[in-house]
Structures are given as structure tokens and as C-alpha cells.
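Engineer: Below are the chains, spelled out letter by letter.
Protein chains: 4
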Amino acid sequence: MIYFNCDYTEGAHPRILEQLCATNLTQSVGYGEDEFCGKARELIREACRTPEAGVHFLVGGTQANFTVIRTALRPHQGVISPETGHINVHETGAVEATGHKVLALPCGRTGKISASQVESLCQEHFRGGMPPEHTVQPKLVYISHPTENGALYTLAELEALYRVCREYGLYLFADGARMAYGLSSRDTDVSLPDLAHLCDAFTIGGTKCGALFGEAVVLPNPELNADFRYAIKQNGGMLAKGRLLGLQFLALFTGGLYTEICGKADEQAYRIADACREAGLPEYVPSPTNQQFFVFPDELLRQLEETYVFSFWEKVDETHTAVRICTSWATKEENVDALIADLRKLVGKP
Amino acid sequence: MIYFNCDYTEGAHPRILEQLCATNLTQSVGYGEDEFCGKARELIREACRTPEAGVHFLVGGTQANFTVIRTALRPHQGVISPETGHINVHETGAVEATGHKVLALPCGRTGKISASQVESLCQEHFRGGMPPEHTVQPKLVYISHPTENGALYTLAELEALYRVCREYGLYLFADGARMAYGLSSRDTDVSLPDLAHLCDAFTIGGTKCGALFGEAVVLPNPELNADFRYAIKQNGGMLAKGRLLGLQFLALFTGGLYTEICGKADEQAYRIADACREAGLPEYVPSPTNQQFFVFPDELLRQLEETYVFSFWEKVDETHTAVRICTSWATKEENVDALIADLRKLVGKP
Amino acid sequence: MIYFNCDYTEGAHPRILEQLCATNLTQSVGYGEDEFCGKARELIREACRTPEAGVHFLVGGTQANFTVIRTALRPHQGVISPETGHINVHETGAVEATGHKVLALPCGRTGKISASQVESLCQEHFRGGMPPEHTVQPKLVYISHPTENGALYTLAELEALYRVCREYGLYLFADGARMAYGLSSRDTDVSLPDLAHLCDAFTIGGTKCGALFGEAVVLPNPELNADFRYAIKQNGGMLAKGRLLGLQFLALFTGGLYTEICGKADEQAYRIADACREAGLPEYVPSPTNQQFFVFPDELLRQLEETYVFSFWEKVDETHTAVRICTSWATKEENVDALIADLRKLVGKP
Amino acid sequence: MIYFNCDYTEGAHPRILEQLCATNLTQSVGYGEDEFCGKARELIREACRTPEAGVHFLVGGTQANFTVIRTALRPHQGVISPETGHINVHETGAVEATGHKVLALPCGRTGKISASQVESLCQEHFRGGMPPEHTVQPKLVYISHPTENGALYTLAELEALYRVCREYGLYLFADGARMAYGLSSRDTDVSLPDLAHLCDAFTIGGTKCGALFGEAVVLPNPELNADFRYAIKQNGGMLAKGRLLGLQFLALFTGGLYTEICGKADEQAYRIADACREAGLPEYVPSPTNQQFFVFPDELLRQLEETYVFSFWEKVDETHTAVRICTSWATKEENVDALIADLRKLVGKP
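Chains as they are written, first to last, in full-length UniProt numbering: chain E, 1 to 350; chain P, 1 to 350; chain S, 1 to 350; chain G, 1 to 350.
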């Protein structure tokens with residue numbers, strides 16, 4: 001079987017493994033205070049043009065999300081999130097387990113929310129004429145960039161979110177589990193420095209973007225950075241051999257490897273999307289990144305699934321199904337060629 | 001001003017105050033282990049025909065709700081609730097503050113959810129074909145009876161909820177903050193023994209039904225009752241002078257006072273509803289209990305609000321507003337007379 | 001039986017009951033925003049000489065303690081407490097249930113901790129040379145005044161605690177569940193304005209000092225007061241009929257009732273203590289307040305316990321037991337006379 | 001500098017790195033449901049002779065500890081731990097952050113607690129004659145094997161703990177962060193099957209015993225295993241590329257690598273200990289594992305620390321300091337030779 005179901009079926013980019021092997025017996029101090037972590041932090045601060053931002057390396061995405069959110073919120077405060085946001089649907093209630101309500105907003109199939117939605121919610125809470133203390137106080141806006149459905153915010157959309165957050169005293173936090181696929185998209189005007197300028201916190205994903213595992217948490221807002229190492233430790237995110245994380249981000253941020261390898265994945269995804277469109281398959285939702293969502297007739301899907309693994313997304317009607325087709329830094333061009341050829345053959349457009 | 005905005009603007013029924021005064025200097029043991037609490041427990045068990053059920057007296061409704069829910073759930077489990085459920089919107093995220101997600105279901109204006117909605121959610125979680133551990137496991141169904149919008153479940157609806165809960169191993173918990181107004185409704189087939197038979201836990205509200213304060217938590221399911229006193233204490237619900245609560249419920253459950261006084265409130269509410277209908281005002285949502293919801297032209301509302309206080313519910317369009325009109329055990333018939341007369345006068349139907 | 005085991009075996013001071021009865025059918029707004037609460041707040045601010053302090057009325061002591069502590073602490077922070085502090089031993093882990101470690105310090109039988117103990121703990125954490133993030137960060141000092149064992153801090157001791165708290169950025173919080181018995185002690189130099197000046201937060205107990213129930217939380221530090229009403233609501237401490245609490249504190253702080261009635265209790269306690277000393281019984285720990293602790297030969301205790309109820313404290317050796325003898329605002333002088341007479345008779349010193 | 005300060009200064013045993021490299025581009029399913037994890041689970045079940053036990057791979061020790069403890073406890077329950085237990089002092093209150101009190105027992109320098117200590121605490125809580133609900137209910141006993149101070153429980157001691165746990169309905173949980181050094185000690189009668197027979201849960205440490213990172217959680221008690229994957233996910237411990245953990249434990253449990261490499265570390269530690277004893281240095285606490293604790297004159301220590309890094313443990317008097325000297329699977333024999341030679345030279349016993 002050939003896997004197109006997700007972007008974490010392989011291990012790490014070879015350059016990362018090389019580094020792990022080369023430094024394996026080097027002795028270093030623990031808990032992320034080694035020189036590899038130090039250098040990786042510097043490279044990330046440079047890439048973000050935020051010389052003062054806190055940069056921390058955590059093991060996984062769920063952990064990074066709830067550690068940041070828990071740090072930002074007081075007990076009576078909650079997090080605004082798109083309904084399909086990862087924290088709202090795929091983290092087993094990790095945010096609630098730290099005591100905070102997720103205030104979910106409708107987001108359609110893109111997985112994006114708008115500044116005006118955030119504004120309405122805040123107006124109702126803070127200026128609705130009712131005593132506000134009977135409801136959860138909104139304090140942080142969580143977005144994913146790219147979203148779980150492959151979409152990207154435009155710079156203008158992010159700036160509008162930034163403004164409404166400033167107006168109501170909210171933090172803005174972007175989950176960048178697939179950040180590299182967004183940064184290298186052919187259809188984005190958002191850069192790392194933009195995110196660093198507009199967000200109080202964001203993550204730069206490693207697990208889905210070439211690393212064995214690991215997420216970099218970037219904290220341009222010093223309020224969130226103070227004492228953040230306590231939060232990492234308490235929440236089980238402080239790796240004893242922290243250098244494992246530092247080494248990986250050091251490799252990814254050396255010579256632009258991070259966006260280079262994920263840009264290639266985006267291109268392979270565009271090829272698949274073009275083939276789907278040619279085959280007359282409707283888009284489930286448009287995506288400019290490595291995840292593509294198309295609606296397949298069930299019979300066609302059954303035939304393709306003899307060879308390829310996709311990710312089930314939604315049954316759209318009795319005889320059609322939306323699936324996610326994912327490429328990654330590790331996707332082989334010949335596998336994409338084969339998928340496209342098989343698709344063409346099955347729909348009779350060779 | 002005459003208050004029809006809620007059912008807790010006065011103190012307690014006089015018979016309760018008498019009891020408090022009569023026993024004020026009697027010495028008794030603390031923490032709800034006194035003889036007044038003991039007798040009140042017995043009366044409630046008799047009224048529910050559950051000789052074995054746990055009965056506990058807590059100070060308030062939010063506290064009762066989160067203490068029961070927290071006791072019922074393991075950390076990875078959540079509570080199914082109607083979107084307008086009190087725990088979901090008016091308790092400042094108290095359930096989430098104990099670590100649990102509220103899984104909200106659409107409920108229209110009645111505030112009720114159906115067995116089939118619960119079943120769909122459970123099927124998707126437990127039998128959806130996806131590894132379930134990435135999402136919160138449903139474990140308890142929270143309903144209000146009457147709902148926040150005055151509606152009542154029928155016995156058949158409760159039985160259906162009971163069955164789906166049994167099928168998926170869920171607890172059923174009914175918030176009875178306004179229980180007395182439901183039990184004494186002219187339009188219900190649900191009795192206390194029915195609730196005790198179908199629910200794993202439910203509350204019998206005192207605060208809104210004649211007491212100074214206090215909610216009785218009834219736990220027919222012994223799993224929930226074991227160690228429940230630890231939960232009360234830990235969550236700040238164990239009154240040192242517990243007898244204050246026992247005394248009040250003792251008075252309310254002696255001679256049927258509880259439903260007698262709230263049945264009168266229901267009748268006053270029906271009179272107001274009839275007058276509204278006569279005046280041609282549309283029902284916002286039908287209610288067989290002490291809370292009535294009607295849509296007023298804004299100008300009419302403005303005139304009435306010179307004398308009467310209602311509870312704003314929703315702006316339904318540019319020139320109309322839905323309000324809640326509430327009676328209680330303490331509502332004076334002459335105030336209702338006055339309201340009805342003024343309404344008739346203002347709409348020209350004297 | 002005559003109860004000397006604790007200070008909450010009776011109801012409320014008659015003047016409080018009168019007020020409850022007189023205002024029972026007055027309609028008022030809910031949740032502590034009524035005029036009774038308003039006036040009570042003003043009286044308390046005047047008594048504390050803190051015109052700006054936040055004053056909130058909560059139902060019970062455990063609730064007041066964990067609500068304040070939870071509000072003050074970030075997730076990685078903990079509370080320093082004497083080992084015998086109420087939060088450490090008699091609140092079923094309520095503070096831990098909100099996510100915070102209690103950092104317990106030895107306190108002997110008095111239940112008091114010193115500034116130098118706090119300083120040592122802080123020095124070790126903040127300046128110990130180890131990365132601090134592996135241990136809980138101390139952020140609040142919890143003391144009881146009077147302590148659970150009847151002792152009082154001197155003004156000098158409180159000032160020293162204040163200074164070390166300022167030095168290390170800690171909050172100082174005094175649990176005043178028995179505050180009135182401390183303020184009216186013949187052996188104290190600490191007044192309410194002193195506490196308001198030195199503490200970031202403290203409580204003024206009602207339950208044990210003449211009220212049916214209720215604790216006033218005073219928050220001289222505006223950081224803690226901001227959004228505190230959210231915290232009250234979320235933690236189940238916001239009474240719908242909040243005026244019940246306001247009314248009681250209004251009565252207690254009118255004409256000095258609060259300290260007047262508890263001063264009498266202290267005097268009765270001193271009489272009992274004098275009789276115990278005369279009878280040759282050793283003090284378990286000296287106390288200048290309404291709780292007295294003496295060591296009794298078991299046989300003598302058995303004889304007294306035919307008529308009187310005391311509180312078991314500790315088995316000190318094979319044949320001797322320390323007990324707590326408690327008076328309260330409701331203690332009758334003739335009961336104290338009887339106890340003293342019986343004690344004298346039994347030890348042969350009539 | 002040569003590091004003897006801890007056992008996680010290097011990366012992984014070469015055989016693990018080989019496996020990571022060899023399988024790097026193999027596609028596999030995520031979240032620990034791949035075949036590598038499957039095989040590793042089987043090997044561990046065999047080594048423990050518990051064919052039915054749950055085996056889960058988590059990223060780190062703090063995470064493993066609080067995930068197990070949180071799963072085992074209800075909100076009103078706490079965990080009994082030695083005062084020096086890792087969860088009590090070096091995990092930033094992670095257990096409390098999940099809502100549970102740590103009930104710490106004195107343990108001297110060994111870090112061990114006895115069955116009779118546990119029994120006393122349980123007797124006081126459950127049979128002390130006081131209503132138990134005002135204090136935290138003990139429900140789990142946490143021990144470390146080896147302890148943080150290098151000590152090991154004997155089989156008889158573990159059996160006694162097992163019996164008292166059964167008597168009072170407590171779970172027994174052993175933190176095996178350094179398990180391999182204990183299993184391969186020359187001075188132990190405890191095997192993996194013993195632990196699996198006596199404990200409800202225990203961990204088999206990878207991070208300090210040859211792996212890059214990772215702890216295996218073994219759950220012989222099916223109550224704890226049910227739904228444990230939800231707990232892992234919710235607490236941020238479920239690695240997307242779970243095979244990274246499976247692969248490492250597969251390598252460690254193939255051909256006895258786990259105890260083989262750590263047995264060598266123990267031997268190097270014994271050589272160092274012998275040299276310290278020869279040099280007349282007093283043992284701080286005896287240890288049969290890879291951590292050795294000796295008391296050095298400060299001047300001697302200063303000289304050694306020009307070349308070697310130890311871990312500061314405690315200042316024992318004005319001129320002496322206790323330090324920890326640690327070996328690991330990666331310790332080079334020549335470095336031990338050098339340390340011993342330098343020590344002999346400095347104390348004049350070459």
C-alpha cells in the first residue's frame with residue numbers, strides 16, 4: 001500500500017538523522033539548556049526577526065497547545081477556537097482538562113474564523129449589558145495556520161484578528177503544526193516575521209514537517225514567556241535529553257531546509273489536485289497546502305483504495321465521500337505519478 | 001417596581017423562617033449529620049420512593065451541578081448537554097474548570113435534547129470506525145427539568161434517554177433547580193419517583209422553590225453516592241451548620257409544601273400567558289411552568305417596564321424583543337392582576 | 001449533653017435572625033449586588049480603613065480559601081502553609097484539586113510559621129543555584145489568625161511576614177474563620193486595619209462568629225480583586241439570594257456586634273482555662289482566644305464526658321489526652337459555671 | 001570535562017540508532033499502533049510474564065507518572081509518596097496540577113517507605129474515628145525502584161507493601177525510571193515478573209537506560225489499563241510517530257540489551273564506590289545501583305571538579321559536601337579509571 005493519508009508516516013529527513021548519529025555520544029547538559037538548543041533558538045529568532053522572543057522546544061503538538069493555552073489563561077478565562085480547531089475536536093479535551101472552556105465559532109469547511117466573529121463574541125461578553133461573570137471570559141484566540149483543512153489565513157485576515165485581539169485584550173495564538181507547508185505555499189502572503197509580529201504565541205511544527213518529533217513554541221509576548229519553563233516541566237513537555245529537539249530544529253533551520261522540503265510536498269499536492277480536477281472530482285474545500293480534499297464517487301474510491309491509503313473525511317451523500325489526500329516532505333514523486341496515472345485510467349481520461 | 005424577572009427575588013417561605021427561628025439555639029452536630037438533615041433525607045427518599053438513594057444537601061445549583069458531574073466522570077470523559085443548558089452557558093465554565101468538556105447538542109428554543117441525538121453522538125464516538133481516544137468520551141447526559149426555557153420532558157422522552165444511556169454506559173443527570181414548578185405543572189406526566197427510577201442523579205431545587213437557599217442532590221445510583229461526601233467537602237459545598245439546609249427541606253417536604261406553593265406560581269404564570277396570548281403576543285417558546293416567554297413590540301415593552309421588571313431574553317427583530325416573565329412561590333396575586341390589567345389597557349383590549 | 005466541642009453548634013445571633021425575618025419578602029436583585037450587600041461592604045471597608053478594598057461574601061470557609069488561592073496563583077505556583085493549616089489538613093485537598101501544591105512548613109503546636117521559615121524556602125527556590133523550574137514556585141503565604149490551635153500572630157510577626165512576602169513577590173493571605181475571637185482577645189495587638197494594611201487578602205469569618213453562615217473575603221490588593229466575581233461564580237460560591245450574606249454581615253458590623261459577642265466568648269474561654277490550670281491540668285498549647293487546649297487524665301475526661309462534649313485533639317500518652325474546649329458567641333454563662341464546678345468537684349478542689 | 005553528574009548526558013545505545021536509521025523511510029501507522037510497538041509490547045509482556053498486561057510507550061517520566069496517577073485517582077483521592085519521591089519534589093507539582101494531593105511520608109536518605117508507614121496513615125484515615133471526608137483519601141502508593149537515592153526495595157518489602165495496599169484498597173505504582181540499573185544490581189532479589197505480580201502499575205525507564213527517550217508504562221491491573229490511551233492522548237503523551245518509542249524498546253528488549261548495558265554501568269559505579277571507600281570517604285547513603293553518594297571534603301571536591309562533573313546533593317557541614325556520582329550505559333571505562341586514579345592521587349593512596 002502507498003500512504004497518502006497523513007504527513008507523519010515516515011521518520012525524519014536524512015539530514016536530521018545524520019546529526020543525531022554524529023552527536024550521539026557527545027555529552028551535554030539536559031533539559032534544553034545545551035548548545036544545540038541554543039543555536040536552534042538563535043536560528044529561529046533570526047528567521048522570525050524577533051531577537052527577544054522566547055523559543056522553546058516541546059515534544060508534541062497537543063502538549064504545545066495546552067501548555068501555551070494554560071499559561072495564558074486565568075481559571076475563569078476561555079479560548080476562542082474554530083469549531084474544527086484541533087484543540088476543539090482532536091485532543092481529547094486536553095484544554096478542558098487544564099480547566100478552560102473552548103468557545104467554538106462556526107468556521108465552515110475552511111477551518112478559519114474571522115475578526116468580526118471574534119468581535120461579536122467579545123462585544124456580547126464585555127458590553128452585552130449582562131453581568132459578565134456568569135459566562136466564561138474570552139482571553140485567547142486559537143487559530144491553525146494552515147488549518148486542519150489545509151487553508152491559510154491572508155495577511156489582511158491575520159491583521160484584522162490582531163486588531164480585535166488588541167481591542168479586547170486577547171492573546172492571539174497560531175498552531176503551526178504544518179507551518180512549513182503554509183510558508184512555502186504558492187498562494188500565501190504570510191511569512192514567519194508576520195506571524196511573529198501579529199501573534200503572542202505560535203508554534204513551528206516539526207513532527208509533520210521533516211522532524212522525528214517536536215514543536216518549537218515561539219513566544220513574542222514576554223508575558224507568556226516568563227516562567228514558561230515551569231509550565232513545560234509541569235506539563236510533561238521537558239525532555240531530559242532536550243538536545244534531541246534542538247538538533248532537529250537546528251538541521252531544519254539551517255540553509256532553509258524546513259521550507260525547501262515542504263515546498264516540494266506542496267508541489268506534489270498541487271499535481272494531485274490538478275489531476276482530481278481534471279478527473280471532474282469536486283473540491284471539498286480548496287487548499288493551497290499539502291493536504292487536498294476532494295469528493296470521490298464511492299466506487300472510484302474503492303478501486304483506488306486497493307493501492308492507496310487516504311484519510312476518510314466525511315460522507316457527503318449516499319454514494320460520495322470526501323477524503324483527504326496528504327503529501328509530505330517524504331512523498332516520492334513516483335508514487336504521485338502512479339496515483340495520477342491510476343486515477344486517469346479509472347476515470348477514462350488517460 | 002414589581003419584579004417578574006426571576007424566581008429568587010424574595011427570601012424564604014414563612015414556614016421555613018419559622019423553623020429556623022424555632023430551632024436557632026438548639027445545639028446540633030455539624031456538616032449535615034444532624035437530625036434535621038436526617039429527617040429531611042427520609043422525607044425525600046419517601047417522596048422519590050427510593051429507600052436506598054443517597055440524599056445530600058448542597059448550598060447552590062452551580063455547585064451541585066459540578067460536584068455531581070466531577071464525581072461521575074473520569075478525566076477523559078465529558079458531559080453531553082443541550083446548548084442552552086445552564087452548565088454550558090451560565091456557570092462560568094465551572095464544569096470545564098473541573099477538567100471536563102461539555103459536548104453541546106442543538107436544542108432549539110425548548111432547551112431539550114432527544115435520545116436520538118445522544119445516540120448519534122455515541123455511535124460516532126464508540127462505533128465510528130475511528131480510534132476514539134482522540135476525542136472526549138461521552139459519559140453523562142445532563143438535562144434540566146424544567147429546562148432553562150420552561151419546557152418539560154415527557155415521561156416517554158425521559159425513558160428513551162434512559163435507554164440510550166444504558167446502551168452506551170452513560171449516566172443520566174437531571175438538574176431540577178426549578179423542579180417544583182415542573183412537578184406541579186398541569187401539563188406533565190413525570191413524577192419524582194419517575195425521575196428517581198430513570199436518573200442516576202438529579203437535584204431538587206430549593207433556592208428557586210421556596211427556600212432561602214439549597215439544593216438536594218438525590219443519587220439513586222450507588223456508584224455516584226460512594227464517597228460523595230468527600231466531593232461535597234472538597235468542592236466547598238459542605239455547610240458547617242448543615243442543619244440550615246436540612247431544616248429547609250424538612251419544611252418543604254412536610255405536608256406537600258414544596259409542590260403546593262410552586263403549583264400556585266404555575267397558575268399565576270398561566271394567567272399571565274393567557275393575557276399575553278389574548279393581547280396577540282406570539283409565544284417565543286411554549287412553557288407549562290412558571291417561566292413564560294413572549295415576544296413584545298419594543299414600544300409596548302418600554303411602557304410596561306415603567307412598572308414591571310422582566311428578564312431580557314433575545315432581540316428577535318428590529319422592533320421586537322423576547323422576554324421572560326417569571327412567577328414564583330412568592331408572587332402576589334394582586335401584582336399579577338395589575339400586570340394583566342395594564343397589559344390589556346396598553347393593547348386596547350380591556 | 002452540653003457542647004463545648006466547637007463554635008458552630010447553634011444558629012445565628014438573634015439580631016441576624018430578626019433582620020432575615022424583617023426583610024424576607026423585600027424584593028431585591030440577586031448575586032450579591034443588592035443594597036444589603038452594598039451597605040455591608042461599606043461597613044467592612046470602614047472597619048478595615050481600606051476604602052478601596054474589594055469585599056465579597058462567600059458561603060463557606062473552604063470555598064473562600066480555595067477561591068482566593070486559585071485566583072492568586074498561576075498553574076506552576078504553590079502556597080506556603082503551616083503543616084496544621086486548615087487548607088493542608090482539613091479541606092479534603094481542595095487547594096490541590098484546583099491544581100496547586102501546598103508547601104507545608106513545620107509549625108509546632110501553635111500553628112504559626114515565621115518570616116524566616118518563609119525566607120529560607122524562598123531562598124532555596126529562587127537563589128539555590130539549581131534551575132528552579134523543576135520545583136513548585138512559592139507565590140502565596142497562607143496563615144490563619146487565630147490559628148486552628150487558637151494562637152495569634154503578633155503585629156511584629158505579621159510585619160515580618162509582610163516584608164519577606166514583598167521581597168520575594170509573594171501574596172500574604174490570612175484565613176480569619178475565627179477572626180472575631182482574635183480581634184477581641186485580651187492578648188493581641190493586631191487590628192483589622194493592620195491586617196488590611198499587611199495582607200493582600202484575608203477573610204472575616206461569619207459561620208463561627210455569630211452568623212448562620214458566610215465569610216467575607218477582603219481583597220486590599222487590586223490584582224486579586226479584578227475579575228474575582230468570575231471566580232466566585234465559577235467555584236460555586238455566588239449565592240443567588242446574595243442578600244442573605246449581606247444582611248448577616250450588615251448586622252454583625254453594625255454597632256460592633258461582631259467583636260462584642262465574640263469578646264464574651266473569649267472571656268468564658270479564659271474562665272475555663274483558669275479552672276483547668278487551677279485543677280493542675282497542663283496546657284497543650286497556650287491560647288488567647290475562644291479555643292482552649294488542655295491535657296486531661298483519661299479517667300477525669302471520661303467522667304466529664306458524661307455531661308460535656310469536647311473535641312478530641314491528640315492522645316499524648318497512654319493515660320492522657322489533649323482536648324479542645326470551645327466557647328462561642330452562643331455559649332451560656334451557666335453552662336460554663338457548671339463545667340467549672342464539675343471540674344473542681346472531680347479534682348477535689350471545690 | 002568528564003560528566004558523572006547524571007545518566008542522560010549522551011544519546012542512545014548504537015543499536016537503537018541503527019534501528020532508527022534502518023526503518024526511517026518505512027511507512028507505518030501513527031500513535032503507537034504500528035508493528036514495532038506491537039512487537040515491543042510482546043517482548044515486555046514476556047519479560048514480565050504478564051501476557052495480559054497493558055503496555056504503553058510514553059515520552060517522558062514526569063508525563064508517565066502523572067498520567068498513571070491521574071488515571072488511578074478520583075478527585076478526592078491522593079497519592080502516598082516518600083518525601084524525596086520524584087513526584088513530590090522534582091516534577092513542578094505535576095501531580096497536584098492534575099488535582100491530587102501528595103501525602104508525603106518520611107523516608108530518610110534511602111528514599112524508601114515501609115508497609116507499616118502506609119498502614120498507619122490508612123488506619124488513621126479510614127479507622128481513626130473521625131469523619132474521613134475532611135481529609136484526602138489515600139488511594140495509591142508511589143515508590144521508585146531504584147529510588148532517587150539509588151536504593152532498592154527487597155522482595156519482602158515489596159510484598160509487605162502489596163499486602164497493605166490490598167488491605168486498604170490502594171494501588172501500588174513503581175516508578176522505574178532507572179529500572180535497568182536495579183534489575184541488574186548485584187544486590188537485588190527483585191525481578192520484572194515480581195514487579196508485575198505485585199504492582200498495579202510500573203514504568204520501565206528508557207531515557208536513563210540506553211534510549212534516546214521514552215518510558216514503558218506496564219499496567220498489570222486491567223482497571224488502570226481500560227481507556228488508558230485516552231489518558232495518554234489527553235495528557236500530551238501520545239507521539240504521532242509512536243514507532244520511535246516502539247523501535248527503541250524493541251531494541252532494548254531484544255537479547256537482553258536493557259539489563260546488559262546497565263549492568264555494566266552498575267559495575268563501574270561499584271568500582272567508583274570502592275575507590276571512595278578506600279579513600280576514606282563516608283557513604284552518604286549506601287547504593288547498590290549506578291548512582292553513588294559520598295561525602296567529600298570541600299577542598300578535595302574542588303580539585304576533582306577541575307576535571308569531573310558531579311551532582312551536588314547536600315551540604316553536610318561547614319567543610320563537607322555530599323555529591324552524587326552517576327554512571328550510565330554510556331560511561332567509558334577509561335573515564336572511570338581516570339577518576340579513580342585522580343582520586344587516589346589526591347588522597348595520597350596511589
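Please note: incorrect hints may appear among the correct ones.
Copies of the same chain are indistinguishable here, so a pair counts whether it falls within one copy or spans any two.
To be verified - The calculated lysine to any residue pairs, modelled on SDA-like cross-linking and capped at a C-alpha distance of 25 Å, are:
| id | residue 1 | residue 2 |
| --- | --- | --- |
| 1 | K264 | Q123 |
| 2 | K315 | N221 |
| 3 | K264 | D298 |
| 4 | K345 | G128 |
| 5 | K315 | L105 |
| 6 | K315 | S120 |
| 7 | K39 | E159 |
| 8 | K332 | E18 |
| 9 | K332 | L17 |
| 10 | K264 | T23 |
Honestly, the hints are just simulated from the structure, not real lab data.
Engineer: Compare the structure with each hint and give your call.
Structural biologist: Hint check results:
{"no.": "1", "hint": "K264 with Q123", "result": "neither (43 Å within a copy, 39 Å between copies)"}
{"no.": "2", "hint": "K315 with N221", "result": "neither (42 Å within a copy, 39 Å between copies)"}
{"no.": "3", "hint": "K264 with D298", "result": "neither (30 Å within a copy, 59 Å between copies)"}
{"no.": "4", "hint": "K345 with G128", "result": "neither (59 Å within a copy, 32 Å between copies)"}
{"no.": "5", "hint": "K315 with L105", "result": "both (23 Å within a copy, 20 Å between copies)"}
{"no.": "6", "hint": "K315 with S120", "result": "between (32 Å within a copy, 15 Å between copies)"}
{"no.": "7", "hint": "K39 with E159", "result": "neither (30 Å within a copy, 47 Å between copies)"}
{"no.": "8", "hint": "K332 with E18", "result": "both (20 Å within a copy, 23 Å between copies)"}
{"no.": "9", "hint": "K332 with L17", "result": "both (19 Å within a copy, 24 Å between copies)"}
{"no.": "10", "hint": "K264 with T23", "result": "between (28 Å within a copy, 22 Å between copies)"}
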